[in-house]
Amino acid sequence: MSTAVTTVTPVMPAKHYLNDNYGIRSWLLTKDHKRIAILYLVSITFFFFIGGLFAALIRMELLTPQGDLFQSDTYNKLFSMHGINMVFFFLVPSIPATLGNFVLPIMLGARDLAFPKINLLSWYIYIAGALFSLATMVSGGVDTGWTFYTPLSSGFLRTHVVLIAVGVIMAGFSSIFTGLNFIVTVHRMRAPGLTWGRLPLFVWSNYATSLIMVLATPVLAITLTLLALERGFHIGIFDPKLGGDPVLFQHMFWFYSHPAVYIMILPGMGVISELVTCFSRKRVFGYAFVAFSSIAIAVFGFLVWAHHMFVAGVSQYSAMVFSLLSFAVAIPSAVKVFNWTATMYKGSISLETPMLYALGFIGLFTVGGLTGIMLAALGLDVQVHDTYFVIAHFHYVMVGGMVTAYLGGLHFWWPKITGRMYPEAPAKLAALITFIGFNLTFFPQFILGYLGMPRRYHAYPPEFQVLNVLSSAGASVLAVGFLLPAIYFMWSLKYGAIAGDNPWRATGLEWQTTSPPPTHNFHEVPVVTTEPYAYGDEPEVTIVH
Amino acid sequence: MQFQLPLFPEQASKVAGQVDAFYLFLVLITTFFSLLIAVLILFFIVKYRQSPDRKAVQIHGSTLLEIVWTVIPLGISMVIFIWGAVLYYHIENPPNNSLEIYGVAKQWMWKFQHPGGQREINSLHVPIGRPVKVTLISQDVIHDFFVPAFRVKQDVLPNRYVYSWFTPTKPGTYHLFCSQYCGTNHSAMIGEVVVMQPEDYAEWLASGKAEGSLASQGEKLFQEFSCTTCHRPDSGARGPNLQGLYGRPVRLTDNRVVVADDNYIRESILSPNAKVVAGFQPIMPTFQGVVSEEGLIQITEYIKHMSQQESEPINNRSTPTEIRDNEVPTIQQELQQQGNTRPANPPEKKK
Amino acid sequence: MAEQSHPTPKLYAIIFITLSILTCATWAIAFADLGIFNPIVAVTIAVIKAVLVILFFMHVRYSSRLTKITVSAGFFWLMILITLSLSDYLSRTLRVVP
Amino acid sequence: MSTSQTTTTEHHPALAHQFDSMAQQQEASTFGMWVFLLTEIMMFGGLFTAYLIYRIKYYDGFVAGSTSISVSWGFANTLVLIASSFTMAMAVWAGEKGIRKAQMGFLIGTMILGAAFLCIKGEEYYTKYDECHIPGRVIGKGFDATGGCSAQDPKLGNIAEEVQQHAKELGKTVPEASALQTARQSEIFFSFYFLMTGLHAFHMLVGMGLLSWLFLRSKRGEFGPAYHTPLELGGLYWHFVDIVWIFLFPLLYLISRHAHAV
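Going down the list, the sequences are from chains A, B, C and D.
Note that the working numbering has the first sequence beginning at 1, numbered continuously upward.
Note that the working numbering has the second sequence beginning at 1001, numbered continuously upward.
Note that the working numbering has the third sequence beginning at 2001, numbered continuously upward.
Note that the working numbering has the fourth sequence beginning at 3001, numbered continuously upward.
Keep in mind the hints are simulated off the structure, nothing from the lab.
It is possible that part of the hints are untrue.
[Stated by the list, open to error] Facing chain C, a subset of chain D residues (Cβ under 8 Å, in silico):
# : residue
1 : Val3035
2 : Met3111
3 : Ile3112
[Claimed, not checked] Here are the in silico distance ranges between beta carbons for each label pair:
# : chain 1 : residue 1 : chain 2 : residue 2 : range
4 : C       : Ala2032   : D       : Ala3023   : 47 to 57 Å
5 : A       : Ala288    : C       : Ile2017   : 25 to 35 Å
6 : A       : Ala288    : B       : Ile1082   : 25 to 35 Å
7 : A       : Ile295    : C       : Thr2018   : 30 to 40 Å
8 : B       : Gln1050   : D       : Ala3023   : 44 to 54 Å
Beta carbons: idealized from backbone N, C-alpha and C, even for Gly.
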């Protein structure tokens, strides 16, 4: 391979998917996966900031031990709507529906997903669900918590539980359709030469995610349908007064919602695999192990749901079985972390913004994962279950993991999506602020949790105040870290430097087409001849912006 | 110091120290691996910083390493699992000689009843140094009995008795939280657990105004609902004799054997035909909606009491020192005996 | 796989008749007292019928391995849901021996 | 290699732009349908799991409820649905062969059988509506004088009577108190009965819609050896709905039938 250094000045392609067609109709009726990805991007960003607003209000209330800022009803609605919006309307669709939708077909060398109409339909269903969620908020909110536990939700609360249940069921169907599309596309639409062993790890992880979406979400749909019917018709399945068992709801809910947390982290892991290899300029360490660990996580993820219910009145025997199985799911996650770290060994590491996010992810996910082990350990879970320890744990995974990966991926593929670079300096600053703010917000909550502060408390005993104030202070830093990218991404749409086809000199089919790509992704069908991440063989190209 | 920043809640029960030791072990593991990864990453960033005169060395991987870092975490997690499971087993299963207290949770308060009949709301007085078993039930939604200082937590379910137990070791007043979200005033459902020296506890019990012991209150209800019409010890009785029933295996009409525990008794009062004792007709009407949760507890306590020696007077159980050390045979032992002897509650008559 | 030979009308008819016979069988057997085997027999017959429909009417017998795996995965995951849920319910009343 | 660029030569009008060939399109669509059916399995699966748990918990109530529904109608419906599966399979076969008349004939046949199934289901529902067994206290015309189901446990009446009646046939007596409790437990059975058959009937309705659409396309002569994917997908869906019923029939209608007279 020649290593002659060439210098190129990037130019915008004349025709690409963004200027192929104009007007609102061309967006709302588009069947182009890239445009649908952008529709999703806009919608989930909206929900991210709504959910964030609720979080900010929650942290404001918790500055003082007395519940003095809001009524307890209002507070309960705040955390419920924060959870519901963040989980079902932001985290679940976040990476798959935006970055996945955009790059997955291109990575496969396909012209589109297998079912473009279903892809658009899934966005419309999402929007319909979102409207239900907004309607719920406007008409006074809902105070079930995002877990909707019966019989509280089915028989006691006076808020719009059915409305939000319908919204969540719709969001669920939208993710089922995304998952279905991905699975079929990965199986049936790969470019010539793109064998399973050559698939990018981002595809592997999205494939694993799709399996979960397809297999778990229907159970949530039927569970919430039962909940809605219980409220409307008193069918007695979850209502202890009529002979039902409220714990059954928890079983069925967590059968979805535990695998769902892997929906919310696996795609992030895929992004990190792409970022770490690219910015270490190295092949991934142990490709097969990283790829199969995604599948292992998806499969094992289905066997562990009752570890959310150790103190909920399940039998001690099944608690032990579920605890044992829970440790099994920790192993593939550990394998991934070790492999990413090993990938950096003897690499040629550069610290662009996406890499900063990736490194932040590895650190925060490690803490999040290991504290998850603590929660799966039976004897300790009794103390920390339903306390701030759990809150801290899953925010380390969901925010420290998924949101960080999402931002990293967004920075990484931003030039591909828009054809322009984001400004590097503020982006690095934002990454740093996010990391610091995040730890300041959530680390104190581990201690709070072990001290015994239960979650969903509107007022709390005064001895917890110091840690809560720290946490709230961190949240304000975190808010800055999240607002900054929104500003400079907007700015870059107009003023950002022209990116060129492959600003990161990355491998992968998505970098072989123009930025932004043409509507049909490639001008000619690509043929794959090498393994993924064949770094080291590529010619040296210096890109002058 | 102006602010205290404690890292551990107080250790006020026997199990607290064990949970803390386990917690510390896990914190140590977490810290070790987090630091390991963090240090490696930082080291690599510095050492392998991109530079024009060096190219990345392409390494495909190492199966040996993969095996190593699969097996080591697996081994560690098995240690954690076993330790955690043993601890959990210990936390979940009360010893037989516990002091038994009953708790009813409702939106948004805790009501406790002591065996002597003393009641309290949002506070629970317990003596130091002996196991206390709290039998819990909810009147409405799911609540959760959580005493951080004791390291115990148990969801309190409607329609089913659950237990939590602990051995207090340190006098003081501790938080009792509801840690399962239960509606509007969830965060106000905070009670206190007051741990006292045994003599103070006895004094406190004596000062409380009790309308007779729980069992005697139960007996009153038993008469009121005319339970004695059928549940009599003589051979002409239409219902099973409840004498000596509690804690024993019972053979049902469909040949299943169940243990007559609190939940069985409760179920048999509320839906009597669900598990009918072999040899009896399902003639008992339901008491669903007739007896309150407190009433059910009292009747259960009375039935428990009937299990003891005939000679033991009912009102004698108002002080904790006289709690029996009951030696209920396990179901296995009972089943073994079934070859030659009949179950403890043998049906005396056919049809 | 469109080119692969699908069953002929004759085979469809045979399957249809078999299914009808099995339906009659399950109906008839339900009235015989087999103790705990009643539900077992009923479900076994249902499984056989379902398998016949899947294999022949739904062409899985003539389909790719991928389709076969997909079908099996569905039932495998359903079994996970059922067995692990029941593992809690069936062991709740077990008494822990001190 | 999973894609091939070979067969793009004859460009069928039904070939979507993202696919290279009709074969690839057909494989993708069929596989997509199977993945969708996977979600359907899990959705019904949630109900089946809950059903099993309560069947164990309230066995007597489930027996009473099951005995009160008409096994003959259930049996008839099973045959009807199996027959409709047969005609559907034949319609797909005719599609592959490109025999338009046969396609239309078999699709009509399937629709008629589907409609027959729904009519029988409707008849069964009406009986239960009449007897106040629709879950909740709102819907149904009751036994009480006011003509509603809102009075104190009116619906328990007929199940309780039936329980006592069946016991008498077997030479046993069941006291009223016990029969009433069984009747109360049977309400959970009816919740499941309506949920499961209701969800199934909903799928049937969707299936009928699909069939009408397929019929129109078949009438236009769209299906032949080169392109009959929609017909095949419709068939898969219809057979799946049939399979659900194959399980619903023994689970709902045949609980401990042997202990009772027909």
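Quick rundown of the hints versus the structure:
A cut of 8 Å between beta carbons decides the hint on Val3035(D): the least distance to chain C is about 6 Å, and the hint holds. Taking 8 Å as the C-beta cut-off, the interface hint given for Met3111(D) is violated, the closest approach to chain C being about 17 Å. Taken as an interface hint, Ile3112(D) does not check out: its beta carbon lies about 16 Å from the nearest beta carbon of chain C, beyond 8 Å. For Ala2032(C) paired with Ala3023(D), a C-beta distance near 50 Å keeps the hint of 47 to 57 Å intact.
A hinted range of 25 to 35 Å is violated for the C-beta pair Ala288(A) and Ile2017(C), which are about 49 Å apart. Take Ala288(A) and Ile1082(B): their Cβ atoms lie about 31 Å apart, and the range 25 to 35 Å holds. Distance hint for Ile295(A) and Thr2018(C): a CB-CB separation of about 38 Å, consistent with the stated range 30 to 40 Å. For Gln1050(B) paired with Ala3023(D), a C-beta distance near 47 Å keeps the hint of 44 to 54 Å intact.
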